Structures are given as structure tokens and as C-alpha cells.
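Given the sequences, and given the hints that come with them, work out the whole structure.
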Amino acid sequence: MKYLILIYSNPRSWEHPMFLHQHDDLSPEEREAATKELAALLTEIAESGELVDSAALADPINTRTVRVRDDAMTATDGPFLETKEHLAGYFVVDCDGIQRATELAARFPDARYSAVEVRPIMDMAGMEM
Amino acid sequence: MTAPAELEDLLRRLAPRVLGTLVRRRGDLDACEDAVQEALLAAALQWPEAGIPDHPVSWLLTVAGRCLTDAWRSDAARRRRETALAPPDEPVSPGPDEDSAVHRDDTLTLLFLCCHPALPPSAQLALTLRAVGGLSTRQIARALLVPDATMSQRISRAKQRVKASGSEFRMPPEHERDDRLRVVLHVFYLIFNEGYAASSGPDLLRTELTGEAIRLARELHRLLPGDGEVTGLLALMLLTEARRAARTGPGGTLVPLAEQDRRLWDREHIAEGTALLTTALSTAPIGPYQLQAAIAAVHSEAACADDTDWPQILLLYRLLEGVWPNPVVTLNHAVAVAMVRGPRAGLDHLAGLESDKAMADRHRLHAVRAHLLEMAGEHDAARAAYELAARRATGIPEQRYLVAQAARLSAGLGTAHAQRRR
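Residue numbers (this note's numbering), protein chains in the order written: chain A, 1 to 129; chain B, 1001 to 1422.
Some clues are possibly wrong.
SDA-like cross-link-like pairs, simulated, lysine to any residue; straight-line CA separation at most 25 Å [as the list claims (entries may be wrong)]: (1) B:Lys1163 x B:Arg1180; (2) B:Lys1357 x A:Asp96; (3) A:Lys2 x B:Ser1136; (4) A:Lys36 x B:His1186; (5) B:Lys1357 x A:Ala46; (6) B:Lys1163 x A:Ala46; (7) A:Lys2 x B:Asp1028; (8) B:Lys1163 x B:Pro1327; (9) A:Lys2 x B:Val1183.
In case anyone wonders, no lab produced these hints; they're calculated from the structure. Note that the coordinates shown come from a computational prediction; the quantities given were computed from them, not determined experimentally.
Here it is as C-alpha cells:
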């Protein structure tokens, strides 16, 4: 089963590498520990053959929201949803079920500061009814 | 010249024997596996021109052994400064041909190693397809719809884990063998389901997984003809595969068992599956795969859905739930209860599952409840249950089917049953 793991974040700065953005309440030591934790997790799921795809997203300030009404296109700067938390990046994993996907999600440091969402990806499966 | 399909078939049949023998002699599954892949590649390039050698297994073993020694030498050259290693002195090339009893044990031992309990199911499945099925990493990746790199990692990690578990290349001890065989059968079952769940069409490579699972089960049945569950699983696969042409309609829509055009069922598969099952039931202790095959066989005996011997199926589900209790069996059991004792009794049978958190998340529970509610004439509740099932479904064909059922009830088109008769 494939799952999309969505990392939501409300950072002070969208500085990368990776997904652990700067949270106000994080000491440099904590940040370093969390960064290492994340690096280890990524290595682990790449080597186990569970990681299918991933990407880090740029600061939401760079977002363009596009609408087409009556064949006319408008594009506005800024995200579609007005929220405090934004999508910061995603991972696609292929693993043995929702339980394993949930376990992986809980190991993203962002799960401790904001939230991580797990969503099954639709497939072409069709068991006999 | 040998036809490419025939040659590929031959190579894939030989692959596990060659690998098994090599691992028994040289030990390292990981390195041996790479060497065998190289030997298979060499054969695929050379045999079409040069012809198939008199002793193909020996030829492959010799080439694979040479690759292994080369790899070992280049590794050793790198490590020489640190450790002094003795060269492998055991001869790799076999006698004129390998004794068939040796082949048998090696293939079986290899299967047990690939389906090692230290591996998660997805890794067991990938390693089995590669090492025993003789498929390339690329083919497996495409069949399982993941990038090549992901599959390549999964297979090499699986090999490392087998190595790290300290398993030696020998048959598991007698007292563990039954449990280990169940794992092998489960992996075959998963391979089959991966292929069966895929609708026909663009996913051709994926649907071929059912054929691969049947091929593996045949091989295992050849090695263990007296094991009733091996025979039962092969029979179950054949009886299920027999319905393939009837189970999808135009555009890959799902056609439920009751509405399938039974003229499309593959009679040869049914005959073979039924014969296998009959032998197993009369000679071996009963088990879950035999019971599931028996249920499939009862369905295949009915000329039309209304002729189905539901009391017999109900009895079989009762036995199955006794030896192998799990929510999916309970779900199917409830349908059989409904067909024999009416929809209310079926719904009562589901009650226990409603509180099961893991099950409540699954679309199938809601789909079955919807079906039984519809049988009971509660169309509004049935529609709501179909809608919930559709929202829960993560397979696109299943979701389409469930949405269509809900829509049919909203439009007041009557029951599927009535439609079928029209």
C-alpha cells in the first residue's frame, strides 16, 4: 500500500535542509538532535525500500493560487487556504499497511511540534465483491 | 534458435535450482543472487545463438560460480591489506548433472530463506519473486508499481537481513517446518492477490503476478505433493483465476460473483483446481486453504448464482472460521448466513465486527452490511452504508462499484438481483 505522509509546519523560517523548520521553542541542541533523528529516519526508509518519493516545499510566500472562471484565469500570490500551519513537504512510502505508515509518521520530528498527516493513495485494486 | 518466451520460461525454472545449489555451497545469498542474475543474463544472450547446452543447470552453475569468484577476488583484493583470506577451494562446477533430489531440497530451502520470518511481508514477497521466481528487479518494481531504486533497496535490504539473522542454508528444523511453510504459502497468496486485485488493461505486468503465483505454487506442489495445504492453495488460485475474464466488465468495472457471466469462466482451471482439491481433501488433514478452495469449488459448480449450494458454503465457512478465525472470514461467513437464514441473521453475524476498530475502518464491512441491508429491504440504510463504503475504499474500481450501488438505490432502480433477472 502506498501512503502520502504530509508534513505540516508553522515555522519562523522556512530554512531547509529538510523538513525540520525553525520552531521558536527549540534550543540549538534540540534542533540538532531532531535533525539527526530525521536524517536517520530518511536513511532507514530509503534503505528498507519503503521510500518512493519525497519533496521539500518552498516558503508559502512563493505560492501561486490559480483559478479559472468562465474561461478566464486569475492567479494570486499566496496559498489557497488561510491557515497558520502549512504543508512543508511530503513523502510517498510503500509499506505493509496503515499501521506501519502511522509508525513512520510519528517518527518525523514535526509530529511533536505541529502535525503529520497520513493519507492512503488510491490504487487500481478491485477485489471481487 | 529458441523462442524468447520459451527461453525465458526455461531460465526462470532453472534459476532457483542454480541459486539454491550455489548458496548451499558458497553460503552468501546476496553475492550468489547477483552471480546467478549475471549467469542468467549471459544465458539469455548466448543460448539463442549457441543453442541450449546439454546440461543447462551445470552451465549456469559454472558461469555463476565464476562470477562469484571474480567478485570475491576483487573484494578480496581490496581487503587484502587488512586480512589474509584463503581462497574458496570448494569446486563450484557440478558433475555432469545435478541429482534431482538435491535440486528439490535446494529450491525448498531457498524458499524458506526468502520467506524468512525476520522479514516484513513486502520484503519476503519481493525476495521470493527475485530469487525463486527469477524475475529481474525491474520487472518486480514494475509489477508492484514502485520505482526501480525502491525495489532494488528493498531486495538488497531483505538479503542483508537474512544474512544478519545468521540463517544457514539448510532446511528449518522439523518442529519449525510447518510454521515456516505457512509463511511461504502466505507469501504466494499475497503475490496472487497483488495480481488478482489489479484490473486488466494497462497493468498487464501486474496481472501476470497471478500466473507467477500459480507457477510458484505448482513448483512447491511438485516438491511437496503430500502437503494438503500446498495443494489447497494451488487449487484455490486456479479456481479463483478461472473467474478472471468474468470479474471485470467494460472499462475495468467490477462484476460481483452473483452477476458474472459464468460462460466466461475457465473450465480447464476449474477442472484442475477441483481435481487437486479432491485429492487433498481425501488424503491430508484439512486446513484454511483447502477450505477456501472448497468454497470456490462450490461456487464454480453452480450453473447460475441462484443454483449456488449456500448451505454447503455456510458449513464450509463455519469450519473455516473454526480453524482460521479472522475478520475477513467472519465477513464472508455473514454473507453465507444471510443466504441461508436470511439477511437479518447475516446482519447479526456482522455485529461482532462493528466494534472491531481495525475492521470498522475497512470498506468491505460497510459494503457487506449495505448488501445485507438491501436484501432486508432497508434501502435507505443500504444506500448510506454503500456511500460510507465508497468513502472508505482506496481502490478506484471498488470505489466506482460502490458509488454505482449507492446511486442505483437513490434512483430506486430496485435490487441488483431483480436487475439481473430482467
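Checklist entry - Does the structure break any of the earlier hints, and which numbers would those be? => result 4, 5, 7, 8
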